[in-house]
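There are 2 protein chains.
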Amino acid sequence: MSLRNTRQKAAIRDAFELANRPLSTGEVLAFAQDRIRGIGLSTVYRNIRWLLDDGWLNVVELPGELRRYEIAGKNHHHHFRCESCGRVLELRGCVPALDKLAGPGFMVRRHELVLYGLCPSCRK
Amino acid sequence: MSLRNTRQKAAIRDAFELANRPLSTGEVLAFAQDRIRGIGLSTVYRNIRWLLDDGWLNVVELPGELRRYEIAGKNHHHHFRCESCGRVLELRGCVPALDKLAGPGFMVRRHELVLYGLCPSCRK
DNA sequence: ATAGGTGCAAACAGTTTGCATGTAT
DNA sequence: ATACATGCAAACTGTTTGCACCTAT
Numbered sequence: 001m002s003l004r005n006t007r008q009k010a011a012i013r014d015a016f017e018l019a020n021r022p023l024s025t026g027e028v029l030a031f032a033q034d035r036i037r038g039i040g041l042s043t044v045y046r047n048i049r050w051l052l053d054d055g056w057l058n059v060v061e062l063p064g065e066l067r068r069y070e071i072a073g074k075n076h077h078h079h080f081r082c083e084s085c086g087r088v089l090e091l092r093g094c095v096p097a098l099d100k101l102a103g104p105g106f107m108v109r110r111h112e113l114v115l116y117g118l119c120p121s122c123r124k
Numbered sequence: 001m002s003l004r005n006t007r008q009k010a011a012i013r014d015a016f017e018l019a020n021r022p023l024s025t026g027e028v029l030a031f032a033q034d035r036i037r038g039i040g041l042s043t044v045y046r047n048i049r050w051l052l053d054d055g056w057l058n059v060v061e062l063p064g065e066l067r068r069y070e071i072a073g074k075n076h077h078h079h080f081r082c083e084s085c086g087r088v089l090e091l092r093g094c095v096p097a098l099d100k101l102a103g104p105g106f107m108v109r110r111h112e113l114v115l116y117g118l119c120p121s122c123r124k
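Read top to bottom, the protein sequences are chains A and B.
The first sequence: position 94 = 94 (this note's numbering), numbered continuously.
The second sequence: position 121 = 121 (this note's numbering), numbered continuously.
Take the hints with a grain of salt, since some may be wrong.
[To be verified] Dumping the calculated DSS-like pairs for lysine-lysine here, alpha-carbon to alpha-carbon at most 25 Å:
no., chain 1, residue 1, chain 2, residue 2
1, A, Lys100, B, Lys74
2, A, Lys100, B, Lys124
3, B, Lys100, B, Lys9
4, A, Lys9, A, Lys74
5, B, Lys100, A, Lys100
6, A, Lys74, B, Lys9
7, B, Lys100, A, Lys124
Honestly, the hints are just simulated from the structure, not real lab data.
If you're wondering where the values come from, they're calculated on a predicted model, not measured in any experiment.
Generate coordinates for the entire structure from the input sequences, incorporating the hints supplied.
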């Protein structure tokens with residue numbers, strides 16, 4: 001849990017609020033370095049860890065991708081990864097009966113779904 | 001591309017054929033070490049790479065998990081990860097209209113779906 | 001003033017690569 | 001005999017940790 005308010009901490013939170021999409025540590029560092037010369041990668045990791053503990057961030061893990069993080073507290077949703085620009089975008093809602101794909105022997109507790117293709121910007 | 005038939009190579013292929021589920025490099029190594037004393041991890045990695053190039057294996061990447069591999073050539077399917085035993089099992093079939101989850105601005109090319117819970121063995 | 005936070009560098013895990021040795025052909 | 005494959009160790013990437021210095025309180 002973090003107790004003090006530092007410039008670094010503020011810059012890291014701002015990165016997520018401005019991006020409004022899941023960010024990797026590298027993306028967060030790039031943003032924060034524009035504001036604070038010499039900010040270290042370990043500071044990014046440590047603050048992300050604290051924000052996760054606080055429940056302010058959630059982990060977003062896509063298959064074969066670096067771990068990303070997004071602001072917590074949103075409704076159940078899934079993600080779209082653009083194969084052109086590499087960005088990960090949020091999708092709203094879900095698909096019914098997903099969990100039925102497992103047969104009757106299984107007990108399904110949760111699921112993850114990721115769509116891949118071209119985002120609206122890259123499709124043009 | 002591999003040209004020679006070695007004991008190591010045979011043991012690695014056998015691991016996949018006997019397991020009949022996606023395996024990580026660690027799982028493959030554990031299997032192969034039962035047969036061949038002193039087999040190295042890099043041999044596992046190299047042979048998996050060759051088997052991927054040959055099209056004999058496919059990559060199976062689940063969010064936040066180590067990369068796994070499975071025998072190629074199967075129909076479109078998804079996976080179930082047991083939260084008790086950690087094994088990843090194959091599910092048959094798919095769910096219709098998955099790709100509709102992205103709005104009209106997107107072009108969806110493929111998707112990945114993973115279910116989590118208890119497998120039939122662990123549920124008992 | 002003081003202890004929590006930062007930045008650097010070292011430690012780690014999983015994966016890849018370089019190289020001398022071993023072995024299938 | 002030859003060159004491909006192996007096994008070891010070193011390199012590499014993403015992440016975590018130890019520690020001296022800095023700074024919000």
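Hint consistency between A/Lys9 and A/Lys74 [alpha-carbon to alpha-carbon, up to 25 Å]: holds (22 Å)
What's the verdict on A/Lys100 and B/Lys124, does the C-alpha distance respect the 25 Å limit or exceed it? holds (19 Å)
Taking only the CA atoms, is the gap from B/Lys100 to A/Lys100 under or equal to 25 Å? Holds: B/Lys100 and A/Lys100 sit about 18 Å apart, inside 25 Å.
Holds or violated: are the alpha carbons of B/Lys100 and A/Lys124 at most 25 Å from each other? holds (19 Å)
Hinted pair, alpha-carbon criterion (25 Å max): A/Lys100, B/Lys74. Please report holds or violated. holds (21 Å)
Could you grab the alpha-carbon distance between B/Lys100 and B/Lys9 and see if it respects the 25 Å cut-off? Given that 25 Å is the threshold and the Cα spacing comes to 43 Å, the pair is violated.
Below or equal to 25 Å on CA atoms is what counts here, so check A/Lys74 against B/Lys9. It is violated: about 48 Å lies between the C-alpha atoms, which goes past 25 Å.
In terms of the numbered hints stated before, the structure departs from hints 3, 6, listed from lowest to highest.
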